[in-house]
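Residue-level listing of the chains:
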Amino acid sequence: MQLVLERRPERSKSMLLLSPLLALLLTALVGGLIFLFRGLNPLAALYIYFVEPLTTLWSIEQLLVKAAPLILIGVGLSICYIANVWNIGAEGQFTAGAIFGGMWPVFFPEFQSFPVLPLMLLFGMLGGMLYGFIPAFLKNRFGANEILTSLMLVYVAGLSLDWLVRGPWRDPHGYNFPKSVTFEGWQILPTMGTTVHLGVVIAVAAALGLAFLLDRTIKGFEIRVLGSSPRAGSFAGFSRDRIVLFCFLLSGGLAGLAGICEVASTVGQLQPSISPGYGFTAIIVAFLGRLNPLGVIFAGLILALSYMGGEAAQVTLGISDKIAKVFQGILLFFILACDTFILYRLRLLPRRPAAELQPAE
Amino acid sequence: MAGSAKGSEMPSGSKKSKKQAPPKYLLEAINIDKNFGDLKANDQVSLRIEPGEIHALLGENGAGKSTLVKIIYGSLQPTSGEIRWMGRPVSISNPAVARKLGIGMVFQHFSLFEALTVAENIALAMPGDFDMQKLSQTIGRVSKTYGLPLNPDATVGDLSVGERQRIEIVRCLLQQPKLLIMDEPTAVLTPQEADQLFLTLRRLAKEGCAILYISHRLQEVKDLCHRATILRHGKVVAEADPRTETAASLARMMVGADIKVVRPAKARAGGKVKLAINRLGQPALGPFSVALHDIFLEVHEGELVAIAGVAGNGQAELFDALSGERTNPRSDAIVINGTKAGHLGVGARRKLGAAFVPEERLGHGAVANFVLSENVVLTRHNVEAGLIRSGLLDLTKAADVSARVSKDFDVRKPRPDPEARSLSGGNLQKFVVGREMDRRPSILLVNQPTWGVDAGASALIRQALVDLARQGSAVLVISQDLDEIFEIADRIAVLSRGELSPAYPASELTYEAVGLLMAGAHEKTKSSKGERHAISA
Numbered sequence: 001m002q003l004v005l006e007r008r009p010e011r012s013k014s015m016l017l018l019s020p021l022l023a024l025l026l027t028a029l030v031g032g033l034i035f036l037f038r039g040l041n042p043l044a045a046l047y048i049y050f051v052e053p054l055t056t057l058w059s060i061e062q063l064l065v066k067a068a069p070l071i072l073i074g075v076g077l078s079i080c081y082i083a084n085v086w087n088i089g090a091e092g093q094f095t096a097g098a099i100f101g102g103m104w105p106v107f108f109p110e111f112q113s114f115p116v117l118p119l120m121l122l123f124g125m126l127g128g129m130l131y132g133f134i135p136a137f138l139k140n141r142f143g144a145n146e147i148l149t150s151l152m153l154v155y156v157a158g159l160s161l162d163w164l165v166r167g168p169w170r171d172p173h174g175y176n177f178p179k180s181v182t183f184e185g186w187q188i189l190p191t192m193g194t195t196v197h198l199g200v201v202i203a204v205a206a207a208l209g210l211a212f213l214l215d216r217t218i219k220g221f222e223i224r225v226l227g228s229s230p231r232a233g234s235f236a237g238f239s240r241d242r243i244v245l246f247c248f249l250l251s252g253g254l255a256g257l258a259g260i261c262e263v264a265s266t267v268g269q270l271q272p273s274i275s276p277g278y279g280f281t282a283i284i285v286a287f288l289g290r291l292n293p294l295g296v297i298f299a300g301l302i303l304a305l306s307y308m309g310g311e312a313a314q315v316t317l318g319i320s321d322k323i324a325k326v327f328q329g330i331l332l333f334f335i336l337a338c339d340t341f342i343l344y345r346l347r348l349l350p351r352r353p354a355a356e357l358q359p360a361e
Numbered sequence: 362m363a364g365s366a367k368g369s370e371m372p373s374g375s376k377k378s379k380k381q382a383p384p385k386y387l388l389e390a391i392n393i394d395k396n397f398g399d400l401k402a403n404d405q406v407s408l409r410i411e412p413g414e415i416h417a418l419l420g421e422n423g424a425g426k427s428t429l430v431k432i433i434y435g436s437l438q439p440t441s442g443e444i445r446w447m448g449r450p451v452s453i454s455n456p457a458v459a460r461k462l463g464i465g466m467v468f469q470h471f472s473l474f475e476a477l478t479v480a481e482n483i484a485l486a487m488p489g490d491f492d493m494q495k496l497s498q499t500i501g502r503v504s505k506t507y508g509l510p511l512n513p514d515a516t517v518g519d520l521s522v523g524e525r526q527r528i529e530i531v532r533c534l535l536q537q538p539k540l541l542i543m544d545e546p547t548a549v550l551t552p553q554e555a556d557q558l559f560l561t562l563r564r565l566a567k568e569g570c571a572i573l574y575i576s577h578r579l580q581e582v583k584d585l586c587h588r589a590t591i592l593r594h595g596k597v598v599a600e601a602d603p604r605t606e607t608a609a610s611l612a613r614m615m616v617g618a619d620i621k622v623v624r625p626a627k628a629r630a631g632g633k634v635k636l637a638i639n640r641l642g643q644p645a646l647g648p649f650s651v652a653l654h655d656i657f658l659e660v661h662e663g664e665l666v667a668i669a670g671v672a673g674n675g676q677a678e679l680f681d682a683l684s685g686e687r688t689n690p691r692s693d694a695i696v697i698n699g700t701k702a703g704h705l706g707v708g709a710r711r712k713l714g715a716a717f718v719p720e721e722r723l724g725h726g727a728v729a730n731f732v733l734s735e736n737v738v739l740t741r742h743n744v745e746a747g748l749i750r751s752g753l754l755d756l757t758k759a760a761d762v763s764a765r766v767s768k769d770f771d772v773r774k775p776r777p778d779p780e781a782r783s784l785s786g787g788n789l790q791k792f793v794v795g796r797e798m799d800r801r802p803s804i805l806l807v808n809q810p811t812w813g814v815d816a817g818a819s820a821l822i823r824q825a826l827v828d829l830a831r832q833g834s835a836v837l838v839i840s841q842d843l844d845e846i847f848e849i850a851d852r853i854a855v856l857s858r859g860e861l862s863p864a865y866p867a868s869e870l871t872y873e874a875v876g877l878l879m880a881g882a883h884e885k886t887k888s889s890k891g892e893r894h895a896i897s898a
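As given, the protein sequences belong to chains Y and E, one line each in that order.
For the first sequence, the positions run 1 to 361 when the numbering used here is used.
For the second sequence, the positions run 362 to 898 when the numbering used here is used.
Rather than coming from a laboratory, the hints here were simulated on the basis of the structure.
No experiment lies behind these values; they were computed from the predicted model shown.
There's no promise every hint is true.
Stated by the list, open to error - Quick list of in silico lysine-lysine cross-link-like pairs, DSS-like style, CA-CA up to 27 Å:
| # | chain 1 | residue 1 | chain 2 | residue 2 |
| --- | --- | --- | --- | --- |
| 1 | E | Lys539 | E | Lys633 |
| 2 | E | Lys539 | E | Lys567 |
| 3 | E | Lys596 | E | Lys633 |
| 4 | E | Lys539 | Y | Lys13 |
| 5 | E | Lys401 | Y | Lys219 |
| 6 | E | Lys505 | E | Lys539 |
| 7 | E | Lys758 | E | Lys712 |
| 8 | E | Lys712 | Y | Lys219 |
| 9 | Y | Lys13 | Y | Lys179 |
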């Protein structure tokens, strides 16, 4: 007997929905095994990791706050990936947004009236767009691979931020800690409840907006055509270069917005580390959400849960919160693997007779 | 039919006893059938190759040449029929088996790693272990013996197309084949490189290696080959000795003059020029692309002009240049309805009243995973009022258009608005042609309007093209199907190696004349010597 992958005539609609669920199930299974090898009761550990964070109001608010940047970045990346534009550098655009938006409180700590907040958000977005423009330009002008350029720029942004907060932007009254001034008053996003801030609303609004763009507008049509069939796209009169630029500006802008939202709320100032890898995790969010902006909302919540679970595991089980990264990696692996079944199915075949010469007579 | 095809000399195969040695034929393919669904790609095809002969396999695109060759090389299995190798029936289940028997093949498109050296590329194809040092020496020796100069240590990326082909040939020769299959080897070569190749092939044949030579360059076949098997519509229509035939008689066998339908031109003379192509030229984009030279053509209102020619002579490039998918720095190279349009993109040219139907239906003319109404938007988004309103799609409107096209052109589909890929080839082609016709374009360009389409759909599409022209539009059709061209065209021009002949009234042309033009009789630039001979043949 022989296992073969057989191409389906059409994409399977049910696998399209089942594949992420299957991936989640397999991730939980492998996660359970990991806990078992650490000498923990896998069921209890999985409960602490995945269920307990949902049992208090406070932790649900935390979940929304952590999901906000993931969703905001994830929807932008979804649009990119639909168009076959591979922006891997959202983490860098996130950082660039934080730096550009953070300029206002750093240079004008006394600027304490309503306009500073929209200005910060606007600059955050512009910063992300400018940073996204670089790989787009390099790709269109020189044919440079955007996966490499956008990824490398992540480290440039991270080190720039590091240098800024250790050097020129360091808070003069901060006891030499590598931190900028603390953002205050109008420089902080308004919150609802205790911790849920405006960024959550922005993230959901962005997802809804992009779902509309993709389905109902000619721009969305252009993105989908060029992503699935570049030749047909150029026959329709659409420009590949223009879409590469559009996607990078859009996803860069949204990542930048997520960056400034994060430093203007949870973090509250610029410091060497402002993100637990949201820009990279958002790649998983985009794929888990089927590159569908509405799906990304749910995927963002699930990945946010993995961060919460990591913290819970550290506190309650005494294992490193790096376990969150392990879970995220396993999840992406299984999503990509399970996606194979959308266009293929597994079949058991009787082994073919060995291919060889068969002289007759 | 003059210049008789020697179809009757085909032996029936059963006369020969299997025990008799040595066998007369190296390879016999007997009554091969190969069906793809309803399509009979090979229909009772028989082919016999003697040791040491250069045997041509002739036929238009789609005649079943590559299917037959793939069966011989083991990459396809016949639906029925028998293959004998040196008199013994064999089953060639995959290319490795074919190579083990002694069959080598040089493909039209090479499979080489550009970053590796010549020797490394060859080593990759060798079965079992090898000694790099010794292999390099062997390569040097073989390439010298057969006049295929190659430096084993050169990096493939630095080599010309001709040199790359030599690697593929040497790679085959190292396995000491008894039969070498060459698929359109001169398609990518300069005339000098082609001459060099012929020397090598003749030498190989003299040493007893048979060569199955696939080509549609008739003069070449006449010069080089000892025998020819000619395929049309999946059947063997003739076996001939090309040395005693003329290029014209070979062309006639290839395209089949017996189904000729000449249609009296009904076009009004002296209409306005709607589409003018003035000295259009452009360089080739890569080794498998064809440069266009100095193309001149005017298409008048009410007229249907057809461009004949064998595939790969610049049809795709001409289509892209006319549609605007590749723009031209000279704006007056293409004039659409009186407006200079050479520099304009495809959208702007559509706005001037032109419409285009490319050869490739899925992936070019339509997006496979989009539903039909979305595919309406694909080519009509900037020419159709109301389809897009302030950036928003009106999909109900698009669905209306899709329904109208489906009704007018009899597009049969499983659901009201299915994905394009779920339609059969003929139905999708009717949709893609109908989508453009529905606009009532004043200029319509169609590349291969009935390629791979069943007879009923073909007739419908051809009639629609003629009707559109009679209503006053200018219609330009690029086609390889001479029957189709003679059926619908008012004037005919022929494209060969990127050069376009003048357009002659269809009533003044014969199949022979078109066949000669297809072989390059009109070419002005320095072509291969062989092709120049075609004029006098």
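Pairwise hint evaluation, Lys712 (chain E) against Lys758 (chain E), where the allowed Cα distance is 27 Å at most: Status holds; Cα separation ~19 Å.
Agreement of Lys505 (chain E) and Lys539 (chain E) with the hint, judged by alpha carbon distance not exceeding 27 Å: This hinted pair holds, its Cα atoms lying about 20 Å apart.
Hinted pair Lys539 (chain E) and Lys13 (chain Y), Cα distance within 27 Å: 51 Å, violated
27 Å Cα cutoff - pair Lys539 (chain E), Lys567 (chain E): Holds: Lys539 (chain E) and Lys567 (chain E) sit about 12 Å apart, inside 27 Å.
Straight-line alpha-carbon gap Lys712 (chain E) to Lys219 (chain Y), limit 27 Å: Given that 27 Å is the threshold and the Cα spacing comes to 19 Å, the pair holds.
Straight-line alpha-carbon gap Lys401 (chain E) to Lys219 (chain Y), limit 27 Å: Cα-Cα ~44 Å, so violated.
Distance restraint between Lys539 (chain E) and Lys633 (chain E), which requires alpha-carbon spacing of 27 Å or less: 60 Å, violated
Pair hint outcome, Lys596 (chain E) versus Lys633 (chain E) [Cα-Cα no greater than 27 Å]: Answer violated: Lys596 (chain E) to Lys633 (chain E) is near 44 Å, above 27 Å.
Hinted pair Lys13 (chain Y) and Lys179 (chain Y), Cα distance within 27 Å: Between Lys13 (chain Y) and Lys179 (chain Y) the Cα gap is close to 50 Å, so the pair fails against 27 Å, i.e. violated.
Going down the numbered hints, you'll see the structure goes against 1, 3, 4, 5 and 9, while the others check out.
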